[in-house]
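A.B. asks: If you read the protein sequences in the order shown, they are chains C and U. Just so you know, we're using our numbering here: the first sequence kicks off at 1 and counts up by one. Just so you know, we're using our numbering here: the second sequence kicks off at 146 and counts up by one.
Because the hints were derived from the structure by calculation, they are not lab data. It is possible that some hints are incorrect.
Covered stretches of chain C, going by a simulated chain U footprint (3 or more residues, C-beta under 8 Å) [said to hold, decoys possible]:
hint : region
1    : 56-62
2    : 79-87
So, partial list: chain C residues that the calculated Cβ filter (under 8 Å) puts toward chain U [claimed, not checked]:
hint : residue
3    : Pro66
4    : Leu70
5    : Leu140
20 Å max Cα-Cα, derived EDC-like pairs, lysine to aspartate or glutamate [unchecked claim]:
hint : chain 1 : residue 1 : chain 2 : residue 2
6    : C       : Lys123    : C       : Asp95
7    : C       : Lys123    : C       : Asp53
8    : C       : Lys54     : C       : Asp95
9    : C       : Lys125    : C       : Asp53
10   : C       : Lys125    : U       : Asp343
11   : C       : Lys123    : C       : Asp23
12   : C       : Lys123    : U       : Asp343
13   : C       : Lys54     : U       : Glu356
14   : C       : Lys54     : U       : Asp341
15   : C       : Lys54     : C       : Asp37
16   : C       : Lys54     : U       : Asp336
17   : C       : Lys54     : C       : Asp23
18   : C       : Lys54     : C       : Asp35
19   : C       : Lys54     : C       : Asp122
All residues carry an ideal CB built from backbone N, CA and C; glycine is no exception.
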Amino acid sequence: MTVFTHILATTLGVQALDLHGRDTALAYGFGVAVDVDHALKAPFYLRAVGLQDKRGYYWRSSLQEPVGFLWIAPLCLWLGTAVPLLFFAIHLLMDYSVSFEKMPFYPYSHWVTRGWLVGVPDKVKEGILCSVLVVANVALWWARR
Amino acid sequence: MLGAGGGERRAVVGPSVKRLADWLAGPLARVMHERFGLSPTQLTWAAFWLSGAAAVAVAAHHTGVGLLLMALGQLLDGLDGTVARAYGLGSEAGHRLDTRLDRASETLIFLAFAAAGLVPLGHAVLAVAAVLLLTTVCDRSGFDPGVKRVALYFGAWVPYPTLFALIFGVNLAAYVIGLLLIDFQFQRRMDRLGGDLDTVASRAVALEHAERGAAPAAAPALDPHPPQPQTTEAQRHRVLTAETQRTQRIQ
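Please put together the full structure from these sequences, using the hints given.
C.D. replies: Have a look at this one:
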């Protein structure tokens with residue numbers, strides 16, 4: 001999913017749960033900023049693809065794969081909040097609806113999957129989700145005003 | 146600490162540091178091995194029992210004695226690697242034993258600090274968890290900052306809860322960095338494959354499986370860098386063709 005859709009989903013979650021301060025930062029950190037691995041892998045992308053838009057290129061990392069729960073769960077216990085776990089799970093659910101190849105448990109397992117809803121075109125899924133999130137965000141903001 | 150098999154911690158303990166440590170510990174290692182006839186494995190076990198004794202002392206509120214015993218344990222733990230390298234006794238099994246007993250020692254010592262009421266039990270358990278997580282990847286990533294029980298020596302100046310927070314944070318961060326480093330290794334492998342980028346992950350995995358299938362049953366025990374298994378061009382071609390066909394069927 002694009003970073004814009006992740007921001008919309010996280011914003012909806014932050015509004016719905018009425019998060020503030022540190023919890024808001026954690027929500028955006030684990031709901032959106034885990035995408036920073038694309039920036040870390042940008043040199044690989046540029047070398048392999050150049051400046052073209054090749055969305056199927058594998059440039060994910062364990063930072064946004066289910067294996068991340070292994071370090072996020074202890075972190076949540078240390079911080080005494082489940083916010084990172086929740087928003088990371090939302091991020092994963094969204095990413096796994098896009099049909100690019102993913103390695104959920106690498107480096108512990110080499111299992112490769114394309115996620116779920118692989119029969120529906122990615123653009124359709126993203127378009128529908130994005131629209132729903134925009135409407136839900138506006139509706140929630142309006143209701144709380 | 147260095148394993149009996151000369152376990153690598155490439156990013157932190159480079160070859161030059163290892164050579165310096167071996168040179169410094171050489172005389173003591175000679176005494177241990179030649180005079181007392183101790184093998185690297187026996188030194189590893191002795192280090193563990195000293196750490197166990199350190200844990201008992203700490204739990205009994207004799208923190209100073211505990212830290213002294215822990216220091217002796219760590220000294221022996223370092224000597225096992227020196228003896229192994231100096232006398233050609235290194236082995237993969239020795240490295241594994243060393244790593245496992247190191248983690249067991251840390252677990253005992255961390256829990257002892259909790260038993261003594263110096264830190265909350267939850268913090269000690271989470272520090273152990275972070276160290277164990279790092280251990281699962283540090284051999285492959287080559288990244289281990291080495292901030293484990295050694296941090297506890299600073300207890301005279303820094304409160305123990307802060308030191309445990311440091312151990313937890315550093316090891317958890319090192320685990321995340323280690324995962325990323327391993328990802329980068331795999332990314333290079335995928336990029337070298339080229340071809341259809343939509344299927345590059347599954348093709349790289351299939352190739353890795355094929356290489357494992359071609360690997361010898363057991364690596365020579367004394368060789369710390371066994372030769373990489375060779376995959377024939379025909380094998381590579383078969384795997385890549387099969388994977389490409391499979392992914393085309395899925396699409």
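A.B. asks: Does each hint hold? Answer for all of them.
C.D. replies: Hints, one by one, checked against the model:
no., hint, in the structure
1, 56-62, "holds (count 6)"
2, 79-87, "violated (count 0)"
3, Pro66, "12 Å, violated"
4, Leu70, "6 Å, holds"
5, Leu140, "33 Å, violated"
6, C:Lys123 to C:Asp95, "13 Å, holds"
7, C:Lys123 to C:Asp53, "14 Å, holds"
8, C:Lys54 to C:Asp95, "16 Å, holds"
9, C:Lys125 to C:Asp53, "19 Å, holds"
10, C:Lys125 to U:Asp343, "19 Å, holds"
11, C:Lys123 to C:Asp23, "31 Å, violated"
12, C:Lys123 to U:Asp343, "16 Å, holds"
13, C:Lys54 to U:Glu356, "29 Å, violated"
14, C:Lys54 to U:Asp341, "11 Å, holds"
15, C:Lys54 to C:Asp37, "17 Å, holds"
16, C:Lys54 to U:Asp336, "14 Å, holds"
17, C:Lys54 to C:Asp23, "35 Å, violated"
18, C:Lys54 to C:Asp35, "17 Å, holds"
19, C:Lys54 to C:Asp122, "14 Å, holds"
This entry does not satisfy hints 2, 3, 5, 11, 13 and 17, going by the numbered hints stated previously.
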